[in-house]
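Quick note: the sequence shown uses our numbering, first residue 1, plus one each step.
A hint or two may mislead.
In silico DSSO-like pairs for lysine-lysine, Cα to Cα no more than 30 Å straight-line [said to hold, decoys possible]:
| # | residue 1 | residue 2 |
| --- | --- | --- |
| 1 | K148 | K105 |
| 2 | K43 | K148 |
| 3 | K149 | K105 |
| 4 | K43 | K105 |
If you are wondering where the hints come from, they were derived from the structure by calculation, not from laboratory data.
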Amino acid sequence: MYNSFDVNGLYSIAVYVIDGNGAMGIPRTTTVTRTGGLTSAPKPSITANGASGTVDLKTTDKLTVTIGLDASGSVGINADWWLQGALAGFGQYYYDVMSGAWTWKAGNSVTYMGPLFNLSQTEVFRVSGLPAGTYSFSFQVDTTMNGKKDGQVYPDSVVVSVSQ
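Using the sequences and the hints given, assemble the complete structure.
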């Protein structure tokens, strides 16, 4: 379900009028057709060792995080791309593409600003020997390209639980 008119299609709108006594009148309804937006919502995906949801690892295991994007009917729509990680004992990190670094940096900034496109599964993080703890990674796109999470946000996330 969408809470905005980002996706192309037919929408039904009802307007209710309430008088000074709080009595509600009969609604006035109409339909509108949205064009020029998304024909389907983008679908980001993020996995840890090929799995989604929660992944359990040992401290001796290797962790590989990959992302992908099925842009489908949203190809070419400008968006903010967010790839973030919260690493136990290390704080918040984001993947920096904007500066040309293509690496993880401390903080909580936008990863990339630009048009949506189909992205096949791409490795963004690989490490062995993580300390025990909980690590979360998220990949999100929002369709108001301004470096803030304030548009329609399309998210996916994975949690990695590392134990002895």
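Hint check results:
1. Proximity of K148 to K105 is assessed by CA-CA distance (about 17 Å); at most 30 Å being required, the pair is judged to hold.
2. As the CA atoms of K43 and K148 are separated by approximately 19 Å, the hinted pair is consistent with the 30 Å bound.
3. For the hint pairing K149 with K105, the CA-to-CA distance comes to about 18 Å; that is within 30 Å, so the pair holds.
4. The hinted pair formed by K43 and K105 meets the criterion: a straight-line CA distance of about 25 Å does not exceed 30 Å.
Violation of the numbered hints given earlier is absent; every hint is satisfied by the structure.
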